[in-house]
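*Asks:* Protein sequence lines correspond, in order, to chains H and Y. Quick note: the first sequence, position 33, residue 33 per UniProt numbering, numbers continuous. Quick note: the second sequence, position 1073, residue 1073 per UniProt numbering, numbers continuous.
Treat the hints with care, since some could be wrong.
[Claimed, not checked] As a list, the in silico DSBU-like pairs of lysine-lysine whose alpha-carbon atoms are at most 35 Å apart:
| # | chain 1 | residue 1 | chain 2 | residue 2 |
| --- | --- | --- | --- | --- |
| 1 | Y | Lys1047 | H | Lys10 |
| 2 | H | Lys6 | Y | Lys954 |
| 3 | Y | Lys795 | H | Lys6 |
[As the list claims (entries may be wrong)] Listing some non-contacts, in silico: residues in chain H with all C-beta distances to chain Y over 12 Å:
| # | residue |
| --- | --- |
| 4 | Thr38 |
| 5 | Glu55 |
| 6 | Gln100 |
| 7 | Glu127 |
| 8 | Glu142 |
[Said to hold, decoys possible] Some but not every residue of chain Y turned toward chain H, in silico, with C-beta under 10 Å:
| # | residue |
| --- | --- |
| 9 | Leu345 |
| 10 | Leu911 |
| 11 | Ser913 |
| 12 | Leu914 |
| 13 | Ser917 |
| 14 | Cys919 |
| 15 | Ala921 |
| 16 | Glu945 |
| 17 | Asp948 |
| 18 | Phe949 |
| 19 | Gln950 |
| 20 | Cys962 |
| 21 | Ser965 |
| 22 | Gly968 |
| 23 | Asp1010 |
None of these hints come from the bench; they were simulated from the model. What you are looking at is a predicted structure, and each value in this text was computed from that prediction instead of being measured. Ideal Cβ placement from N, Cα and C applies to all residues, glycine included.
These are the residues of each chain, in order.
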Amino acid sequence: MASLPKRIIKETEKLVSDPVPGITAEPHDDNLRYFQVTIEGPEQSPYEDGVFELELYLPDDYPMEAPKVRFLTRIYHPNIDRLGRICLDVLKTNWSPALQIRTVLLSIQALLASPNPNDPLANDVAEDWIKNEEGAKAKAREWTRSFAKKKPE
Amino acid sequence: MSHIEQEERKRFFNDELDISETSLNFKSENKESFLFSNSNNDGDAVSVSETPEEEGHESVLQLAEEIGEGDQDQFIEELRRIIPEIPMSLAVELNKKFGSQEEGLSLALSHYFDHYNGKSSSNIPSSPNQVNTLSDTSSSILSPSPSLVRKRKDYGFRNQTRLEDTFAWKRFIGAMQVTGMATRPTVRPLKYGSQLKLKRSSEEISATKVYDSRGRKKASMASLVRIHDVQYNREIGRVPEDIAQILYPLLSSNEISFEVTLIFCDNKRLSIGDSFILQLDCFLTSANFGGSYSDDQSFMKRRRTERENKREKDSVNFGRPLTETDEELESRSKRLALLKLFDKLKLKPILDEQKALEKHKIELSSDPEIINIDDDDICPDQVTEVIHDFRDTQHEEETMNLNQLKTFYKAAQSSDSLKNLPETEPSRDVFKLELRNYQKQGLTWMLRREQEFAKTASDDENLETDVNMINPLWKQFKWPSDMSWAAQKIQQDHVNPEDDVFFYANLHSGEFSLEKPILKTMVRGGILSDEMGLGKTVAAYSLILSCPSDSGAADKNLFDVKDTEVPGNVSSSFISSSLGNKKPYASKTTLVVVPMSLLTQWSNEFTKANNSSDMNHEVYYGGNVSSLKTLLTKTKNPPAVVLTTYGIVQNEWTKHTKGRMTDEDVSVSSGLFSVDFYRIIIDEGHNIRNRTTVTSKAVMDLQGKCKWVLTGTPIINRLDDLYSLVKFLKLDPWSQINYWKTFVSTPFENKNYKQAFDVVNAILEPVLLRRTKQMKDKDGMPLVELPPKEVVIKKLPFSKSQNVLYKFLLDKAEVSVKSGIARGDLLKKYSTILVHILRLRQVCCHPGLIGTQDENDEDLSKSNKLVTEQTVELDSLIRVASERFDNSFSKEELEATIEKLRTKYPDNKSLQSLECSICTAEPIDLNKALFTECGHSFCEKCLFEYIDFQNGKKLCLKCPNCRDSIDGGRLLALGRQRSDSERLEFKPYSSASKSSKITALLKELQLLQDSSAGEQVVIFSQFSSYLDILQRELTHAFPDDVAKIYKFDGRLSLKERTNVLADFAVKDYSRQKILLLSLKAGGVGLNLTCASHAYMMDPWWSPSMEDQAIDRLHRIGQTSSVKVIRFIVQNSIEEKMLRIQEKKRTIGEAMDADEDERRKRRIEEIQMLFE
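Excised from the complex, chain Y in its bound form (with noise of 0.2 Å):
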């Protein structure tokens, strides 16, 4: 250490604790680069002191020691380890406010990129200059080719260069005119073309005096840069604050090398203040390119010993660490001078690659350009964009459309690429069915996705395109012409070798290169996200059944640990310390997580898809598995597929948190968590898209060789569920959440939906695969052909009695909504809404549902009580309802139509004969049979469409057999028989329980029941308990000769939904088979083509949520034309819902990017169901 440098130290340190009295701010700066020195220190054995008590005021000596005595708290270290520059002080605050809870962590992480993060980005991009941090602990290598950079973050390693003025060789990048102001007088005029030299103020000055702690600057930089004479080395002149701002922190290093010559100063000698103009030739230096390290290996290894050098360092240099923060602010500073000067030097980054190779053998052709001294600056502003681009919103993109979430998916795979793949055909001996083409392709990506190249299809292109992809934080360059001074000068044609026309540079870090900085994923797998129905189950089942185990393990010991498994990774760090992290190596298994309802599915598709006999499967699932350890690792032939639902990883994976405390528990020390599995696949991948559920926490701690993720959706609701794929297949460093906040979330909630959306790009497209039906092959073909889909919306009327009723609550409904918005407090009634809304709903598809508790129903699970509670003046509502319109005989009369009913009537056998004269069935069904006033039968179903078909016309209604008048409240059925009176029992017909969807039902299924037998149906609702009422009116309706209905909801277990489809598909040419299905149980995955009509009984919120349900049938395999009826009833709440499915679909729900706007959202939708 030099002299003056620790003398500058030492005032540096006077100066700190002048300012830390006056600025907060400027605390944290310290803070931060303190803790940057300390941040590799982990590990080390350090005695605890007292606990921090962070206050405001305190001094930075106190911290520091209070810091660098080390309270190794696990929750700053675990924040620090994912946040590398939250200061100190922030960390320290967050562990008081979040430490002791639950989620302290993820609640802190997400107070820090809230309420900090955005102030220290408002000036220079945030994190990124942390990119390195990072990328030690990550298994994919984010680096452009390390041997040839030169990292500035290497703050050890450039105390001992910056000296030295030495550089291998420099390249032009730019030059500028500059006006330079003389501070001292001339003896005779400066001669035109005298070469100038630029220097730094003589006088030391610490960073911290320079720049506030924010990295703006505090002095006036004008005066720190003086242009000297060459000959008498004197200082001559000052350059303009703005060019010596850029100047400035770029002087101190040898990164960018300046030469100065005079081109005018009006050819007199020069007093104090008169300008004169120079020419600044900018180059960039070999210092750049990681010249003077060019024989440094892997940059892992040089994060390394650079840890361990810092740590020896810290050591020593213990309790002095504020000379970190010089170096911090000045690599801040340097990087913000450097965009500022690529703004200056105008150069921008290329976007196509191909074009400027082109435009750059004209160049070179042509003559050399001419500067136009005119041109300067004249569109700096436009300049600026491009060059900020990554940081600032692009104007044009602000109103960008969010139909984009679609577009980028088309975006993620260009068409092209995929058509060329080659296919790649499994073999017969291992695979029994035939694959489409486009999913041999498919086989053929994922296979190179395992890097299995030997089993993909030959193909003359080069293998790595996939991986050949820039890293999108990284910008490519092209050198500009020599027009330097001296070059121009020397009249020298510089020539540009060919094959170094471009250079790199990514702005956000300040790193250079002039290789190509690939991203280049370790990763295995990917997210196969073909569009529903094209076949991702039988895509997986081809790679399994291809490729089995792992090739590379055969020869390795089973309890090899994979090098690429960093120990103390956060998200699995339990795991690897309760087990050590010495898990059997399962080579021959492939997990398959799969939704209950899917199990069997998967199941048979194993065995439809196998053609070896050596491969077999296990579904483990219930326990029918005792150690699965030891089937995987221990016996000779290991199931080649573990078939399991995401409940059991879920159930392992609690009960494995737990046992950590308590005893080792078999299935804990044996099941999913004991081994690390070949390859994992987890379908409707979705379903972890919420990171902080268990179920997402369970399923990121599997561990396995090879992830893949299938998904037909892999967005649901925002951006950011793609985040949990990511960190699912372990995509370093995307993985890392402020990784992806900094790049994806924070500009997408800055609606920078561009940048977000390119970076999204980016990041999937090596990993990514998405086909959908529309796509055509390399022939133009379409992928699938599916036969058509006809959906029809059937609007209905209100039955009298549901009329009733929907006006009540949707007076009750109003005012509340009314009331809520004239006081503003809509929100905290927010569920008492979702009721009122709810009780609409059910009263559309049917009375009696109001009341019902519906676990299926969305957001409603605290809002219960509140449903029961305003029950019981419903039920009498009800009631009133029913009595008024259902049943309009006095008592006497009635009594009087009985008597005349029974004389009639006198006993059973008298009802034998009873034909019905509508549809000429005889006898009437006695269950269905309904009675006339004038002593007339018919079927319930007949007499009601009568009944409704004159009405219809506006006909009087008449008893078809005798033509006296009738009236569809004036009827009577029969009643339960008692048993020791032949005598019998009649009462009023009550139509109370009948709704217009399920008359209307009836009718469509009767009409599909005459005109194709045996044809399937299914039925689709979200409530549960309306299923019940539909399979009551239905074996109601149709006799068991007729209809055989099936039920299929959340409450059967495994094996009856296996029974329930596995009957279902088997065709009935004598009855109708009628599936009722649950929305949310049955919405995805399963298989129904054997059905092709289809009955949607209620519209849901979400559009995609009812094209999920019809794709069950409208998928490959169906043959015929799909026919969907969706009922709506008129003038109603569901009218209003169809609109705003109709809003969701052009807009897309992606928009809501946070919380906030998504209720926002709602309200809007409230008011709109109201208005």
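Chain H with its partners taken away, still in its complex shape (with noise of 0.2 Å):
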């Protein structure tokens, strides 16, 4: 692997040691662009009290290019598809180098707080919000049950 720029150290370290609440993200041991990333399902939202775990890599370009960011444990939401693909904005077009792993991660919580619909990735869920709200809420906490870990007490 290549360098190491010196800003992902700082990130890095930072994750570490002013962690955001709900949120871990620990750089992998054989290479540091790979971090190993957890979420808590936000109150108030159906993923509440699940931990979701994703996998987050910083391509070389980062921080021009964007990370690359996913769910490895299966969530109903309709911006998130059956291979944990995420559509959100700031991975894509709204990219800023001025972001960073913790504002992408704030980003994806948030993400499961509002879901959006409109925009959706995973077209049959997104339908099933559309038509049947808390039919799909009501899935997505039964999906968080039997695949989320449980947040601890």
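Once you've looked at the hints, go ahead and assemble the two chains, each given alone in its own frame, into the complex.
*Replies:* Given below as structure tokens:
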């Protein structure tokens, strides 16, 4: 692997020393660009009480290019598909090098709190969400219970 | 003198006068021979009469007089010493033309060789017949075991022996069938097998009547060669013209003996005009092999006595020197005849002695061959070619690829003999370092070259092997088995004794020898030409320390003058004359001449290698030694090594030459030229490749017993580069320019590469040692294992402003070149075009380079004026370009933006917490902070990385912080704050000074800093002004605690250089050390193995120059893999330069044998650049 820019080191240090509540991100021992991430489901959301695992990878061109993030835990969400891929503007067109790992993860947490079925990635889920929001949320809760880890009390 | 001869001379004289009126050519011939007789006359006091006035139609008599009475003009003297065969008229003419000029002699010489030499060599091998005259001034002897060879040029002697028809023995060399024509009727049929005789016409005819001035026969020779009947001694017939031409000159001497037997006459009486067939058996007689002179001592002595004889003779025969013409002509025609005879007899030189020997054994055991008459003349052309091998172009070689140059090194030293060299280990007492195996072999070789056999490792092989080389001018022949009529008739198996299988002939001079003519060099020293990075310095020290002083000189008087030194040698004439050639002999000191940049390195290496407290070294530089002479010859323990630079040598030499005129200078009388060193070593010896430079002349004049040249590249451009090295080593006779010209330069220019290379190989084989990194030792292991090297070409686009400038300049250049080609005077505008090209190259590097007077640039010293003239115009262009592209603010917009920023950042404090959101650095280095229109700040580097990235992906530019759109041309930077105000100053940011290369370089360096800390980096450029710009930019880009920048160029003093290199080499893991290195000042010799990353900022015309530079890092001692990045701007002149480099790599620059061709080549290159 090529070099590890100072910025990545700095970000990593800060993630460890000053973690965001409800979010953990630890770099992999073999590859400091690869992070194992957990996000707690936001309160008042169908994902409450669940802990979701994600993986995050910083491409070579980071920070010019956005990090690559994917859910490892199955989740019922209109903007997240079966493979865990996330539809989020800051990960795509709205990326800016001023954004960081921390801000990206916060955005994802926010996305859990407020799904946007009008810009879907998982079309069936989005359809379900629009037609029968309560049923969809129930299903999301159901999935959270069965797939996500329990939030430690 | 016999009556007949006098008679002949008289008549001859008249002939001369007749002819001289009609034939100018002829006259020069006379003078030549005259000259010859007179050439040994130097030193005789002769009264000076009037200056000769040479006119084309002057009569021979006058000339003779004028020469004879001896206008001993120094110039003519010198000229004649160098070219003994030069006709006097020509010498006088050349004197008139060049004598008064400064470099007159060399001009005259080149003029002579350009205009006259070719002509005379068209018929007859030109100057080799003068070999002997030359070699008596040489310290090395080129001679086939002198005692056995009869010198054909001993005219004085031959005159006496010529009429004697006695010789000790003769030996068959071949037979041929000849058709004779009857000139008188015979009474009865001639008997088969009857003996006949060949005779020259009884009527004596002067040679000049037979031959014209160029040695071609004028008269029909058929009428001069008669076949005589043995019984009645009457003429019965003649031979055909072509045979007569061979026979006529040879019949007059006893060197070749003929036996003629009638083998067919149709068994009838012959009438006039009838033809009959003869067998002509040819024998070489002992006269050729010095039979009658075998009691003679050394050749040198012979020459001397002969010279004295001549002098006496001259003084007696004064005024009648024309007899020599006869001799000269005859000897020439004889040589030619000999060549033809060998041709006819199909005597071919043997190339492989071993094979020939085996074949000979088989022949001995089998039946003698049967002559097949039909076989005769089946392939005469082929035979001719073999015989004339030396003079004629071999057709298949004409198209030879000049990669030969590279392979020539390999041939120069067969790797087998290299592998078998024993290894000599220098004693631990004196030498501290551990040598590699090949270096130990090298030491053996060097010690042998100095004839210090006692110190070399013992070896079963013959120690003399390396001097056992056949002289390249000689050819080996095998005695054919005796097929002569007599031998056949006796039916006796003539068995050749085993040890007498071969004879040797020099077909250039007509000399013969039974013993192998060994090219014996008395030169101690040689050329160590190991490839770069194989440790030549260490090798040199191992030699010096193993053998620090002349063992033979210990008991000798210090002031002993070596007897090999010949006074009056052209090159050292003034030194000898001014010092009387009595220099004290510094028998314990080796002088090492090195380029200035390497002085410290050599000095350090000495300390590293030396393990003996008795030995010390002295750096002779900058007047630190008051009297070298005293130090070296009067002190008890003189330094074993004196290190000095080419500059010092040149400097003292110049003073020396002047000092002769004025008064004695201290440094002159006690400096480098005041002593005779034990050993002289010149490092990077190709520095003296141009023998006309002062440096070269100065180095040639240094005196020493052993001389060594160290160079990785003995040939830079031309084969003639080698000549200077040969001359420095005093490798006679090749150090005589005409010798070299005749056998190397001229054949090479005539595209007769094979011959030129053969001769060069033969010259160099004994004295040159070259190993390459690829060579394998005897166990098949490579000599040196270096870590891998990776060279990456990084192609970059132009920055906007560069692009505009480039287009503008390209247009101008194209117009200029095209008009030049159209008018056909491209050459006249050569320097203008070079300026154009330079401009384009500069823009590729950095627009700011234009107009800087870069003293390091090639070929442009003259055109500097031109550079400055156009600068004004360019300046404005640069300004326009930068305004257009680097700043698109209108005045109002600018003011508004500045006002906005001032509100946001009212004072210095507000800047302290400024963070770059891209690299998260905080606070931003204010020198490098850039502000967007929206008021956000970033590092300059980060922001441009972002802009480049977005542009590269064709994404829109938005402020990373607020996503407002931004523009690379609408940025601001902090300006210099006024001391009286808190208010911050902002100025529009201009990237006009940015070049794409610098941006790319910064990025690469940043990457390296991030990935591997403390890695040293070398940056090469050929423009020292570019180094300045780089220094500025780098300092600007990296703070002191991140990177330390060093600059090494020609402007540094020796001390500064040392400091820079020493400091750079120290590893510092906290900072990146960057060395900016000028390609010219630091491209050779330096050892930069501490760094493993290099960047080449601009391409050089010659790829070898770049390779040399890269090898500064990639050499012994390098532990990590070397990575080199070459920056090249896309679609620019640089890409085309890469193509030219590629071309040069394949054909090699050595093709450009002469200046004209080089120019032509460059024009082609120019066209290539603009096509």
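*Asks:* Among the hints numbered above, which are violated by the structure, and what are their numbers in rising order?
*Replies:* Hints 6, 9, 10, 11, 12, 21 and 22 not satisfied by this model.
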